[in-house]
Amino acid sequence: GAGVSQSPSNKVTEKGKDVELRCDPISGHTALYWYRQRLGQGLEFLIYFQGNSAPDKSGLPSDRFSAERTGESVSTLTIQRTQQEDSAVYLCASSPAVGSYTFGSGTRLTVV
Amino acid sequence: DAKTTQPTSMDCAEGRAANLPCNHSTISGNEYVYWYRQIHSQGPQYIIHGLKNNETNEMASLIITEDRKSSTLILPHATLRDTAVYYCIVSRRSGNTPLVFGKGTRLSVIA
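As they're listed, the protein sequences go chains A and B.
The numbering used here puts the first residue of the first sequence at 1, with every later residue one more than the last.
The numbering used here puts the first residue of the second sequence at 1, with every later residue one more than the last.
Bound conformation, chain A alone (with noise of 0.2 Å):
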């Protein structure tokens, strides 16, 4: 596609239940990033694929959260029992092997 899509832009969740964050990357892109940004906060690095190597998953803060990827297509972000602290946006970029990112607009995850 022309852009990076992520689904849903916005999602309230109640503490406890589980979420799968969705993002489509640019057509081509063999990378694919996912970070995590909290209010007011910087950008927190949680998972990098590249290509069939094996994910770096060392940005993942719990093993609640988990991420997958089908071949060099869509990805999708797995946060189970969610807490409150998850709230934040969660932010995917896609680049080629050697290039720049493109993100996402991201999806506002809010737990209640």
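The set of hints was computed from the structure by calculation and includes no laboratory data.
Every residue, glycine too, gets a C-beta built ideally from N, C-alpha and C.
Treat the hints with care, since some could be wrong.
[As the list claims (entries may be wrong)] Quick list of in silico lysine-lysine cross-link-like pairs, DSS-like style, CA-CA up to 27 Å: (1) A:K11 / B:K103; (2) A:K57 / B:K3; (3) A:K57 / B:K103; (4) A:K57 / A:K11.
[Unchecked claim] Per the computed footprint, the stretches of chain B lying under chain A, defined by three or more beta-carbons under 8 Å from a beta-carbon of chain A, are: (5) 40 to 51; (6) 101 to 110.
Given chain A, work out where chain B should sit, using these hints.
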């Protein structure tokens, strides 16, 4: 941890040049300087990057000092729409290292 140091905030008058500094004294020989910006409620947007030579594109110019320990992003004629947080990042261009975003500089363009 981010390897760059930027001022927390800056103001610039509309129509004037905005010069945003960045210190990266520990930059390695194979690391590039990248600039991104984030306008309120949007995802970050790529602006420009460089290795050692000065670079210019339709958005901005990047001036890198000869010792590569610092750089300046220049928006030649700032507009109100350039109000954003500007991130200076050093990273290898290829490889498996995700970009690490620091706190950036909040640029306010004032009418």
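Against the structure, the hints come out as follows:
no.: 1; hint: A:K11 / B:K103; verdict: holds (26 Å)
no.: 2; hint: A:K57 / B:K3; verdict: holds (21 Å)
no.: 3; hint: A:K57 / B:K103; verdict: holds (22 Å)
no.: 4; hint: A:K57 / A:K11; verdict: holds (23 Å)
no.: 5; hint: 40 to 51; verdict: holds (count 6)
no.: 6; hint: 101 to 110; verdict: holds (count 4)
Every hint, counting from the list given before, is met by this structure.
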